[in-house]
Amino acid sequence: MAKRLPKKDVVIIGLGWTGSVMANELTDEGLEVMAIERGPWRDAPTDFPPSYMQDELRYRVRHELFLRPDQLTFSFRNKVDQTALPIRSWGAFMPPNGVGGGGVHWNAEMWRFLPSDFVLKTHLTERYGASFLPEDMTIQDWGITYDELEPFYDRFEYLCGTSGTAGNLNGKIQPGGNPFEGPRARPYPTPAQAQPFGHTLFGKAAQDLGYKPFPQPSGNLSQAYTNPLGLKMGPCTYCGFCEWFGCSNYSKASPQTTILPYLVRKPNFSARDNSEVIKINVDKSGTRATGVTFVDSSGVEWEQPADLVVLAAYTMFNVQLLLHSKIGKPYDPIANTGVVGRNYTHQTISSVNGFFDNKKYNFNPFIASGAIGMCIDEFNGDNFDHGPHGFVGGGYMGQVQTGARPIESTLVPPGTPKWGAAWKTAVKENYLSTVKPGTGVHGSFYAYRDVYLDLDPTYSDRFGRPLMRITMDLKENEVKQNKFLTDKFAEIIKAMGADKLGIQYRTAPYDISTYQTTHLNGGAIMGTAPTTSALNRYMQSWDVSNLFVLGASAFPQNPGYNPTLTVGALAYWAAKAIRDKYLKSPGRLVDA
Amino acid sequence: MRDSGRSFFAGLGIAVFVATSASAGDSDPQEFTQIERGRYLAVLSDCASCHTVPGSNQPFAGGRAIETPFGNILAPNITPDPETGIGSWSDDAFDAAIRKGLRRNGSRLYPAMPYTAYTKMSREDVLAIRAYLNTVTPVRNAVDANTLPFPFNIRASMRVWNMLYFNQGDYKPDAKKPAEWNRGAFLVDGPGHCGACHTPKTFLGGDKTDDYLRGGFLQGWSAPDITGDSRVGLGAWSAEDLVAYLKSGHNRVSAATGPMAEVVTLSTEHMTDPDLRAIATYLKSLSGKQDHPQTLSKEDAAMVSGGAIYRDQCSACHGIDGKGVAELFPSIADSSMVKSDDPTTSIRIVLRGARSVGTQAQPTAPGMPSYGRQLDDAQIAAVLTYMRNGWGAAAAPIGAADVARVRSDTALRPD
Numbered sequence: 120m121a122k123r124l125p126k127k128d129v130v131i132i133g134l135g136w137t138g139s140v141m142a143n144e145l146t147d148e149g150l151e152v153m154a155i156e157r158g159p160w161r162d163a164p165t166d167f168p169p170s171y172m173q174d175e176l177r178y179r180v181r182h183e184l185f186l187r188p189d190q191l192t193f194s195f196r197n198k199v200d201q202t203a204l205p206i207r208s209w210g211a212f213m214p215p216n217g218v219g220g221g222g223v224h225w226n227a228e229m230w231r232f233l234p235s236d237f238v239l240k241t242h243l244t245e246r247y248g249a250s251f252l253p254e255d256m257t258i259q260d261w262g263i264t265y266d267e268l269e270p271f272y273d274r275f276e277y278l279c280g281t282s283g284t285a286g287n288l289n290g291k292i293q294p295g296g297n298p299f300e301g302p303r304a305r306p307y308p309t310p311a312q313a314q315p316f317g318h319t320l321f322g323k324a325a326q327d328l329g330y331k332p333f334p335q336p337s338g339n340l341s342q343a344y345t346n347p348l349g350l351k352m353g354p355c356t357y358c359g360f361c362e363w364f365g366c367s368n369y370s371k372a373s374p375q376t377t378i379l380p381y382l383v384r385k386p387n388f389s390a391r392d393n394s395e396v397i398k399i400n401v402d403k404s405g406t407r408a409t410g411v412t413f414v415d416s417s418g419v420e421w422e423q424p425a426d427l428v429v430l431a432a433y434t435m436f437n438v439q440l441l442l443h444s445k446i447g448k449p450y451d452p453i454a455n456t457g458v459v460g461r462n463y464t465h466q467t468i469s470s471v472n473g474f475f476d477n478k479k480y481n482f483n484p485f486i487a488s489g490a491i492g493m494c495i496d497e498f499n500g501d502n503f504d505h506g507p508h509g510f511v512g513g514g515y516m517g518q519v520q521t522g523a524r525p526i527e528s529t530l531v532p533p534g535t536p537k538w539g540a541a542w543k544t545a546v547k548e549n550y551l552s553t554v555k556p557g558t559g560v561h562g563s564f565y566a567y568r569d570v571y572l573d574l575d576p577t578y579s580d581r582f583g584r585p586l587m588r589i590t591m592d593l594k595e596n597e598v599k600q601n602k603f604l605t606d607k608f609a610e611i612i613k614a615m616g617a618d619k620l621g622i623q624y625r626t627a628p629y630d631i632s633t634y635q636t637t638h639l640n641g642g643a644i645m646g647t648a649p650t651t652s653a654l655n656r657y658m659q660s661w662d663v664s665n666l667f668v669l670g671a672s673a674f675p676q677n678p679g680y681n682p683t684l685t686v687g688a689l690a691y692w693a694a695k696a697i698r699d700k701y702l703k704s705p706g707r708l709v710d711a
Numbered sequence: 018m019r020d021s022g023r024s025f026f027a028g029l030g031i032a033v034f035v036a037t038s039a040s041a042g043d044s045d046p047q048e049f050t051q052i053e054r055g056r057y058l059a060v061l062s063d064c065a066s067c068h069t070v071p072g073s074n075q076p077f078a079g080g081r082a083i084e085t086p087f088g089n090i091l092a093p094n095i096t097p098d099p100e101t102g103i104g105s106w107s108d109d110a111f112d113a114a115i116r117k118g119l120r121r122n123g124s125r126l127y128p129a130m131p132y133t134a135y136t137k138m139s140r141e142d143v144l145a146i147r148a149y150l151n152t153v154t155p156v157r158n159a160v161d162a163n164t165l166p167f168p169f170n171i172r173a174s175m176r177v178w179n180m181l182y183f184n185q186g187d188y189k190p191d192a193k194k195p196a197e198w199n200r201g202a203f204l205v206d207g208p209g210h211c212g213a214c215h216t217p218k219t220f221l222g223g224d225k226t227d228d229y230l231r232g233g234f235l236q237g238w239s240a241p242d243i244t245g246d247s248r249v250g251l252g253a254w255s256a257e258d259l260v261a262y263l264k265s266g267h268n269r270v271s272a273a274t275g276p277m278a279e280v281v282t283l284s285t286e287h288m289t290d291p292d293l294r295a296i297a298t299y300l301k302s303l304s305g306k307q308d309h310p311q312t313l314s315k316e317d318a319a320m321v322s323g324g325a326i327y328r329d330q331c332s333a334c335h336g337i338d339g340k341g342v343a344e345l346f347p348s349i350a351d352s353s354m355v356k357s358d359d360p361t362t363s364i365r366i367v368l369r370g371a372r373s374v375g376t377q378a379q380p381t382a383p384g385m386p387s388y389g390r391q392l393d394d395a396q397i398a399a400v401l402t403y404m405r406n407g408w409g410a411a412a413a414p415i416g417a418a419d420v421a422r423v424r425s426d427t428a429l430r431p432d
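As you go down the protein sequences, you meet chains A and B in turn.
First residue of the first sequence? That's 120 in our numbering, and the numbers climb one at a time after it.
First residue of the second sequence? That's 18 in our numbering, and the numbers climb one at a time after it.
Be aware that a few hints might be false.
To be verified - If you want a taste of the chain A side facing chain B, the calculated C-beta under 10 Å gives, among others:
| hint | residue |
| --- | --- |
| 1 | 162 |
| 2 | 169 |
| 3 | 172 |
| 4 | 199 |
| 5 | 202 |
| 6 | 204 |
| 7 | 205 |
| 8 | 208 |
| 9 | 209 |
| 10 | 210 |
| 11 | 347 |
| 12 | 356 |
| 13 | 381 |
| 14 | 529 |
| 15 | 700 |
| 16 | 703 |
Calculated from the structure, these hints are not laboratory results.
In this text, a Cβ means the ideal position worked out from N, Cα and C, and glycines have one as well.
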């Protein structure tokens, strides 16, 4: 029997980006807010000090900052007729754990989605006709437009101090920025980061080929910044340890650097760490959440009652908690009914490594930040005519190399022996003269009827609950998209002057064992109808009106960008709906 | 599991006026003006620093161990509890304790209680503090007042000490100085008791008055020179710099850490801007020792190796130019603390790291990591020697033995 704690106005599950944003907004409203975080408390100067944080073995190879699969994992299969097996070591994605969540270890790319991304189904159908889309593709409109989200994009950008060059200011295309971006009301808060040699060379080659390159918008700051909460950020030192690592130079935007020191001073905010929420409790009617049940590190069960529940964990844990709490109808791909688990997506990533003459080129590739890079957006979304190509979707591409950390940067040209003296010599000869863009081709991943999440019939977790099962494969549309984009990308790397190219297409079947990105999306999507979405346009559960679900689990499908800025903007969007509408009149904000 | 909430404050207000004691002196619990004046004087006097255990939800209930060179002294309970606090004290007894260093039985307080400074306050000031303390929640908490070892446990010896070091009496304004300067002098020497840390002490723990506010040493920290000395004091700070530092814990040059972080949190952050400006005016008017040591040659071995270590380990935050980032990473080039005669605090910060104080105005509270593991004593000495003589500065070099002393002295201390 769980011990019952005094009731709070709001309980927030997870203290990462969205939990921190929401906690700050709702405490401003005067509410008593309790955040419950599964992992440990983490603070920038004490948990990622620059004196030892640049430890690739500890953080990159041994996954220091991530959830331990022993604590919680998922099962995986490619196709519905296969038997799923549990993931025992993280591969394709890295589930965050602890205060700050993925905001601790991310690269801090700060992309807005295209206006057409939010109305994708309508847009593509109008331009190409419904028959152009694969039959089993289940893409949808979001129920919100770019213009509605713009002020919230702006808020999150200014919270983070984002460094970038505007491409579209109030409809006027700006030189040096992304000409394809939606209109923004004002410039980035800080100018774009300086670009190292290899990144600059990519920009030049792209320009020579007729593209319009621009610096990637970055949450690693080009200069010192004070955000609207009065928190100070420092200029990035280009140390090249962003992704997989925390930053204590105060130069990478994270909850620790942009919100938490301000939030924890508020008397109406409190938090519990090392406490895992195992269930959202609902009343007998099943339409009202009464709070949550969590387990502390001693195995003691507690009940935290609250008037409002905000589910603000990572995509996977959001969906899993809804399934375990029996909130919303689970998705059934055969009957094509239900919503929880539906439209689960990832990213379609590939890259091209360029090997240059080491007598002519020294890229000093270790000089970088997580979101540094020169990019082009000509092949993203519907920025180009898909008619001749037979697929939909796309992505940005660029030289976005995040450093040259020694363990993972032993690149050698194709044909080099895989071990021995010749390999060692090749590593040495190529280290400084290789371009390794990493996630150079950052493609979209659209939704399909048989790509989804549900509860595993065989495997269970330490509480005896079924593991959540991933059923995911890479479809022909995404394979074609990736081939097209990767070839375009290779042309630019070649034009930079590379002697040899190492081209890595993304091919089927979907591979759970090698890293792509942690951009998992969907499963509890927002939309316009309770039959096809778990949440309404305000990220409010259709079924339980005092439950809001934040994060990329709300994306109906994944565009060809990194998700975090949109995740942050949607958190502000939902917070405003709660503050302006829900608190005045608790209940469904949208009639079904 | 940890509850980092601050909601325990919520319950405090309720009990405040419920139960005060039979005596509680002559103050009137309705006398808002006096109580509010006393609350502010208690802020100026930083009473909470010693009399409230950090993190406790029982303000002024005493029991915090105050480290002195003679042993630890437990701060007494000054809530209005009649038996274990000061509830049954008369106003005269309270005034005698604060301004004369006398206990109720006539024996002497130890000067860990800064009656040597509080004596500058008027009786009205002290009774206002009393009136305020009468309004806080009485807590039953008996504190052992006699924890010092022999011979310091003989309180009669304090008679001699007082003859040597204690000048009793209210603050007497200097008619030749402006009112702001006089206010500053009163705050610094009276309730603020800045000299308790910043004036060096004799072996008996009395002030070395010739070196007034030129830097002291306590509890494993060296407190810097806060005179107007341009090299090691506040001479290069504007009054605005000092106000910002005291108000927010940060300014363009520096950040408060260690014991000063607590002073900011409990006291100076809550002072009025005119009072902070008065403190700045007064401190900047004090002449420092104004000595001019020779700068070390750039070819000096410690300067060469120290410069290399600085570039590798320090420059990411503090900059190759030593300027840091205003209000985030302290400027080494402009730091007077770095050049202090007593390098203890600089060594300690490199060895053990430090956390700057978070305030309402500057909530970020950035931290400096510990380098005690990867840098040995000679390396830390070299990098500090470089900092003390870089960017046109000059200060005596630091030896590995200095670092070894601080390493050993701080090994078992909490941060």
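So, going through the hints one by one against the coordinates:
no.: 1; hint: 162; in the structure: 8 Å, holds
no.: 2; hint: 169; in the structure: 6 Å, holds
no.: 3; hint: 172; in the structure: 9 Å, holds
no.: 4; hint: 199; in the structure: 40 Å, violated
no.: 5; hint: 202; in the structure: 38 Å, violated
no.: 6; hint: 204; in the structure: 33 Å, violated
no.: 7; hint: 205; in the structure: 28 Å, violated
no.: 8; hint: 208; in the structure: 28 Å, violated
no.: 9; hint: 209; in the structure: 26 Å, violated
no.: 10; hint: 210; in the structure: 31 Å, violated
no.: 11; hint: 347; in the structure: 12 Å, violated
no.: 12; hint: 356; in the structure: 5 Å, holds
no.: 13; hint: 381; in the structure: 5 Å, holds
no.: 14; hint: 529; in the structure: 24 Å, violated
no.: 15; hint: 700; in the structure: 28 Å, violated
no.: 16; hint: 703; in the structure: 25 Å, violated
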